[in-house]
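Here is how the chains run, residue by residue.
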Amino acid sequence: MDIFKSITLATALSLAGLHALAGNEAGVVKISKGAVTVERDQQKLPASVGTRIFSSDRVTTGSDGAVGITLHDNTLLSAGPNSTVDLNKFAFDSTTHAGTIDATVKRGTLSVISGKIAKATPEAVRFSAPGMTLGVRGTSFVIDAGP
Amino acid sequence: MFIFAIGLAGLLYLGMTAQPTSTVVLLPDADGKAGRVELQTQAARQTLDAPYASANATNRGVFVARTENADEIQRRYAQVLAARPAAPVTYTLTFESGSAVDLVPEFKTVLDQLLAAIARYPAPEVIVIGHTDRVGSDADNDRLSVRRAETVRDKLVQAGIAASLISVAGRGERQPAIATADGVAQAENRRVEITVR
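Here the protein sequences line up with chains F and W, keeping their order. Each residue of the first sequence is one higher than the one before, starting from 1 at the first, in our numbering. Each residue of the second sequence is one higher than the one before, starting from 1 at the first, in our numbering.
Same shape as in the complex, but just chain F (with noise of 0.2 Å):
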């Protein structure tokens, strides 16, 4: 008993770990075109349809590549091709919509359609691009970052 107890407590604690290292899951890949990478401690993973995405993932899209993902608060974004985007934090509470969003697309092109954080909490949004910051109020935009 006293075994099967701590070989339950070292699951528990090693899934914990895991879970702490990949940060909280924050959306589903609905749209996978092409070459779609997710880089998640330091290993590069192929991004097909149903795919989990976790806060401080990132996404990167090849020449014929391009991705869509839906964010657990609702939020819709896609990237074209040649495209990386770092999900630098997600986190949402779906009970009283408290959350936090913050992207940077580092090269290429990212759509955004905001979600339920962006409707509670807006200053809680944030998007980054090279040169600049974007705070969101509820909308639909598209970021170029340039080649």
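I should point out that these hints are in silico values taken from the structure, not numbers from a laboratory. The beta carbon of each residue, even a glycine, is placed where N, CA and C say it ideally should be. Accuracy of the hints is not assured; some may be wrong.
What the hints assert, rightly or not - Just so you have them, the derived chain W footprint on chain F, three or more residues with Cβ under 8 Å:
| hint | region |
| --- | --- |
| 1 | 29-43 |
| 2 | 64-75 |
| 3 | 84-96 |
| 4 | 119-132 |
Claimed, not checked - One-sided and incomplete, this derived list gives chain F residues near chain W with beta-carbon spacing under 7 Å:
| hint | residue |
| --- | --- |
| 5 | P46 |
| 6 | S48 |
| 7 | V49 |
| 8 | G50 |
| 9 | F54 |
| 10 | G80 |
| 11 | P81 |
| 12 | S111 |
| 13 | G135 |
| 14 | V136 |
| 15 | G138 |
| 16 | T139 |
| 17 | S140 |
| 18 | I143 |
| 19 | D144 |
Assemble the complex: chain F is given as a structure, and chain W must be docked to it using the hints.
Same frame as chain F, but now just chain W:
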């Protein structure tokens, strides 16, 4: 000396010439109107609040704002816009007062629409969110709203929707469909929203 002068002139030219860095284009929402984004560099601010308003930041931190042509934007950004996920769709069920179980008869109709939506969305997620009216304490309503959502979740699972697709939340009395004073029993606020995305 001559080369140095050319180099210096080149640096001056680069410094004085506005090199574009990033561009932002505001798009119309589904209703044709535009929201608002506020852009900021170290040196300047720019607000975009009309459909197809755009601004690009130069390397000197200055914005160049303009209104773009709608067709040209749809062409230029065709690939990124084509990859946008479908907008989530939401169905609403209402409850008897104080009850977590007595669903109204439209459940069957909503269920048919839900099943059709689940078949339509890639990697579908079903989000079941309970709400209450403003009778009772906040804490009680938080619990009641979760119970309502769980009741609906169980019915959806019984109807054959995979439990792994469904997540549940309770918003308590935070988001009334119809605003009322505290303590008011408002039928439309006793509801569960089911979102497919």
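Inset, instruction - Under 7 Å, Cβ to Cβ, is where F:V49 needs to be relative to chain W, so tell me if that hint holds or is violated. - result: Since the shortest Cβ distance to chain W is 5 Å, the answer is holds.
Legend entry - F:G80 as an interface hint toward chain W, with CB separation required under 7 Å: holds (3 Å)
Inset, instruction - Quick one: see if chain W covers the region 29-43 of chain F, three-plus residues with Cβ-Cβ under 8 Å. - result: holds (count 4)
Inset, instruction - Examine the region 64-75 of chain F: at least three residues should have C-beta closer than 8 Å to a C-beta of chain W. - result: This one holds; 6 residues, not fewer than the three required, reach chain W with a Cβ under 8 Å.
Legend entry - When the least beta-carbon distance from F:G50 to chain W is tested against 7 Å, hint result: Status holds, d = 4 Å.
Legend entry - Agreement of hint F:S140 with chain W interface, Cβ distance less than 7 Å: holds (4 Å)
Inset, instruction - Closer than 7 Å between Cβ atoms is the bar; does F:P81 clear it against chain W? Give me holds or violated. - result: Since chain W brings a Cβ to about 6 Å from F:P81, closer than 7 Å, the hint holds.
Inset, instruction - Tell me if F:F54 is really an interface residue toward chain W, meaning its C-beta lies closer than 7 Å to one of theirs. - result: violated (15 Å)
Inset, instruction - Could you check if F:S48 really has its C-beta closer than 7 Å to a C-beta on chain W? - result: violated (9 Å)
Legend entry - Interface restraint verdict for F:S111 against chain W (beta-carbon cut-off 7 Å): holds (5 Å)
Inset, instruction - Would you settle whether the hint for F:G138 is holds or violated, based on the nearest Cβ-Cβ distance to chain W being less than 7 Å? - result: Because about 5 Å separates F:G138 from the closest Cβ in chain W, which is inside the 7 Å limit, the hint holds.
Legend entry - Status of the hint placing F:P46 at chain W (closest C-beta pair under 7 Å): violated (15 Å)
Going through the hint list in order, the structure does not satisfy hints 5, 6 and 9.
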